[in-house]
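S.K.: Note that the sequence shown covers residues 5 to 84 in my numbering.
Worth flagging that the hints you see were computed from the coordinates, not collected in a lab. Note that the structure is a prediction, hence the values are computed from the model and not measured. Positions of the beta carbon are idealized from the N, C-alpha and C atoms, including for glycine. Some hints here could point you the wrong way.
[What the hints assert, rightly or not] Simulated restraints on C-beta separations: (1) S21 <-> A61: 32 to 42 angstroms; (2) E36 <-> E60: 21 to 31 angstroms; (3) V55 <-> K14: 18 to 28 angstroms; (4) S65 <-> D38: 23 to 33 angstroms; (5) E24 <-> H45: 29 to 39 angstroms; (6) V7 <-> N32: 45 to 55 angstroms; (7) G35 <-> N64: 20 to 30 angstroms; (8) E9 <-> E60: 18 to 28 angstroms; (9) V7 <-> K58: 28 to 38 angstroms; (10) V7 <-> Y37: 49 to 59 angstroms; (11) P40 <-> S11: 31 to 41 angstroms.
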Amino acid sequence: MSVYETSPLKRRRRSKSEVEFLLNTTLNIIGEYDDPITIRHLFYRILGVHVIEKTEAAYNSLCQHQASKGTSSGIASWQS
């Protein structure tokens, strides 16, 4: 039986103010459009204002956040 070690990488979590800034940036971008936009479009728009990094992890995080917190809180709909 093998023993799993803890990951040597420490992931940096966003602070509360960073999360709020990302949320406000996201809402501002979504508000610029009358029609729904894709998460990929949103990702590249947020990337353009240098709020997140261009990594697969950042994209996946945005997708998960949009799917869980954004829609369940009513801030964004599945159509946004």
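S.K.: Does each hint fit the structure? Answer for all of them.
M.R.: Verification of the supplied hints:
no., hint, result
1, S21 <-> A61: 32 to 42 angstroms, "21 angstroms, violated"
2, E36 <-> E60: 21 to 31 angstroms, "26 angstroms, holds"
3, V55 <-> K14: 18 to 28 angstroms, "22 angstroms, holds"
4, S65 <-> D38: 23 to 33 angstroms, "27 angstroms, holds"
5, E24 <-> H45: 29 to 39 angstroms, "22 angstroms, violated"
6, V7 <-> N32: 45 to 55 angstroms, "48 angstroms, holds"
7, G35 <-> N64: 20 to 30 angstroms, "24 angstroms, holds"
8, E9 <-> E60: 18 to 28 angstroms, "24 angstroms, holds"
9, V7 <-> K58: 28 to 38 angstroms, "36 angstroms, holds"
10, V7 <-> Y37: 49 to 59 angstroms, "51 angstroms, holds"
11, P40 <-> S11: 31 to 41 angstroms, "37 angstroms, holds"
Checked against the numbered hints above, the structure breaks hints 1, 5 and satisfies the rest.
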